[in-house]
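There are 2 protein chains.
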Amino acid sequence: MALQTIEHVAAWRQTLDARRAAGQRVGLVPTMGALHAGHMSLIRRAAGDCDVVAVTDYVNPLQFGPTEDLASYPRDIERDGRIAAEAGAELLFAPPPGEMWPKPPMTSVQVSGLSEPMEGASRPGHFDGVATIVAKLLALSGPCWAYFGEKDFQQLAVIRQMVSDLSLPVAVMGCPVVRDADGLALSSRNAYLNQTERALAPNLYYALLAGKRAVEDDGETDPGAVTDAMAVSLEKHPEFGLDYAAVVDPLDLTRPVRIHGEVRLCIAARLGRARLIDNVPATPPDN
Amino acid sequence: MALQTIEHVAAWRQTLDARRAAGQRVGLVPTMGALHAGHMSLIRRAAGDCDVVAVTDYVNPLQFGPTEDLASYPRDIERDGRIAAEAGAELLFAPPPGEMWPKPPMTSVQVSGLSEPMEGASRPGHFDGVATIVAKLLALSGPCWAYFGEKDFQQLAVIRQMVSDLSLPVAVMGCPVVRDADGLALSSRNAYLNQTERALAPNLYYALLAGKRAVEDDGETDPGAVTDAMAVSLEKHPEFGLDYAAVVDPLDLTRPVRIHGEVRLCIAARLGRARLIDNVPATPPDN
Numbered sequence: 001m002a003l004q005t006i007e008h009v010a011a012w013r014q015t016l017d018a019r020r021a022a023g024q025r026v027g028l029v030p031t032m033g034a035l036h037a038g039h040m041s042l043i044r045r046a047a048g049d050c051d052v053v054a055v056t057d058y059v060n061p062l063q064f065g066p067t068e069d070l071a072s073y074p075r076d077i078e079r080d081g082r083i084a085a086e087a088g089a090e091l092l093f094a095p096p097p098g099e100m101w102p103k104p105p106m107t108s109v110q111v112s113g114l115s116e117p118m119e120g121a122s123r124p125g126h127f128d129g130v131a132t133i134v135a136k137l138l139a140l141s142g143p144c145w146a147y148f149g150e151k152d153f154q155q156l157a158v159i160r161q162m163v164s165d166l167s168l169p170v171a172v173m174g175c176p177v178v179r180d181a182d183g184l185a186l187s188s189r190n191a192y193l194n195q196t197e198r199a200l201a202p203n204l205y206y207a208l209l210a211g212k213r214a215v216e217d218d219g220e221t222d223p224g225a226v227t228d229a230m231a232v233s234l235e236k237h238p239e240f241g242l243d244y245a246a247v248v249d250p251l252d253l254t255r256p257v258r259i260h261g262e263v264r265l266c267i268a269a270r271l272g273r274a275r276l277i278d279n280v281p282a283t284p285p286d287n
Numbered sequence: 001m002a003l004q005t006i007e008h009v010a011a012w013r014q015t016l017d018a019r020r021a022a023g024q025r026v027g028l029v030p031t032m033g034a035l036h037a038g039h040m041s042l043i044r045r046a047a048g049d050c051d052v053v054a055v056t057d058y059v060n061p062l063q064f065g066p067t068e069d070l071a072s073y074p075r076d077i078e079r080d081g082r083i084a085a086e087a088g089a090e091l092l093f094a095p096p097p098g099e100m101w102p103k104p105p106m107t108s109v110q111v112s113g114l115s116e117p118m119e120g121a122s123r124p125g126h127f128d129g130v131a132t133i134v135a136k137l138l139a140l141s142g143p144c145w146a147y148f149g150e151k152d153f154q155q156l157a158v159i160r161q162m163v164s165d166l167s168l169p170v171a172v173m174g175c176p177v178v179r180d181a182d183g184l185a186l187s188s189r190n191a192y193l194n195q196t197e198r199a200l201a202p203n204l205y206y207a208l209l210a211g212k213r214a215v216e217d218d219g220e221t222d223p224g225a226v227t228d229a230m231a232v233s234l235e236k237h238p239e240f241g242l243d244y245a246a247v248v249d250p251l252d253l254t255r256p257v258r259i260h261g262e263v264r265l266c267i268a269a270r271l272g273r274a275r276l277i278d279n280v281p282a283t284p285p286d287n
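Residue numbers (this note's numbering), protein chains in the order written: chain B, 1 to 287; chain P, 1 to 287.
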């Protein structure tokens, strides 16, 4: 399908307004570019649900900390456009520098509670940057179905809460993690891994599976024992620097005292230059 | 004109979407009810500019501090409806308790810089509450022209900045202060004044005029001398408790070192149970 690339906010809004006026449902896939098969699965899902798929491609500086990888984050709009079109997108929003914020924004959207544990604790201000850019992208894209990957599980929870609290005219669609054949969750940041690190990287997923087995096969109900199982599994590979391993409620991200219902196992670790995150659901055997 | 009152978010959005689909421009007047001639001037202005005027009537708890007048704030939806209709509104959004936030919101919209001086310093968290509710009202009302009074001058600046930073599909229209014959700016909180206080209340405006004369007639360029003139004027009436008198840039609300162009003179004071605010423009004679 031919892809139309749009650079300016006003033209983007007009284009999507015209589609809606023609009775089309807009599927929005917000991305930071560096598209991979995970993004393609979001676009394909949106193409199945909606009449037109609109992908946004913008590396949002607000969600990077001062010591993070904003400068090195991979950018290739032309390649992104080919991948988006192949997956079924018709429209690509690729604002040049200065288009989104001619002056630094004073406005910040914050989601308390959900933003504080895990990624929020490791990356201060990260979710304020995420909530702010997503609020803006949703405002300038208008009413739509918006697709986000469960790979960024906490981000998805933050966005759902924001959309609900602010009554944004958006249906938030969470989509499953897409993995390579060896289990590594797809991520633009996997590009930072050298060959040795790439071979080790699936052990992050295996650590999650160790936790999942503890819950589902062993019937472990103590969250501390489950996170220990995840940490012990990852410690077999000293190349990883574990950031956190957590058992959380899948809706509000609180830490249960006992596991008695579906939980989400979440993990983050450094490996070489990359910081990787992943998560899996786990359900105790009596559920 | 017959007024339609709507209580639910979904019905409000659908009603305004239908008007827009029919090609109508929506004029939105967000209020906390207790409508007076100031609100009527906003509604009349909107009726002149737009095809349909939609008034929201919701006392937003987020913008009140713990020791402020949330419980006593005047509420009378039926009276508001009559006044809104008389001024030319067709639609009134009056959400019952629990409709706006079934659970306390976790999401907060903050506008740094503009929110910090004057009202922000006196009322911590006030503008976060304002920005959050206005973001929500604009999201659930959809693309529109939105009318706000200059009486709340800092609020207007905060909202303009938020709309720009978040690319909300809204034209923000600021409208002049409406005053009683003796000069008192109309405010729902004037209802808190007893007869003696009401007679004294215009002295707040006269203090602004003293500052305006200093700038415009005396050519005073030192902001400190202008605020002194305002304070000295108000001190003649010890019933007032001056909160602040300020000379600010009309766009970014910063305090100029010297006055050389239009400025805004702002004042806030307590009088009896009420806390009153007001402002006027002032332009030096060489402009």
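Because the hints were derived from the structure by calculation, they are not lab data. Note that the Cβ used here is the ideal one computed from N, Cα and C, for glycine as well. Any given hint might turn out to be false.
As the list claims (entries may be wrong) - Some chain P residues near chain B, calculated using beta-carbon distances under 7 Å:
id	residue
1	Gln24
2	Val111
3	Ala139
4	Thr283
5	Pro285
6	Asn287
Have a go at the valine 111 (chain P) hint: is there a Cβ in chain B nearer than 7 Å to its own Cβ? At 5 Å from the nearest chain B Cβ, valine 111 (chain P) passes the 7 Å test, so the hint holds.
Interface restraint verdict for threonine 283 (chain P) against chain B (beta-carbon cut-off 7 Å): Result: violated, 26 Å to nearest chain B Cβ.
Close enough to count: is the Cβ of asparagine 287 (chain P) nearer than 7 Å to one in chain B? violated, 25 Å
Please verify that hint: proline 285 (chain P), Cβ, nearest Cβ of chain B, below 7 Å or not. This interface hint is violated because 32 Å lies over the 7 Å limit.
Would you check whether glutamine 24 (chain P) satisfies its interface hint, that is, whether its CB is within less than 7 Å of any CB in chain B? Violated, because the Cβ-Cβ distance from glutamine 24 (chain P) to chain B comes to roughly 14 Å (cut-off 7 Å).
Minimum Cβ distance from alanine 139 (chain P) to chain B below 7 Å? holds, 5 Å
Consistency note: the structure conflicts with the earlier hints numbered 1, 4, 5, 6.
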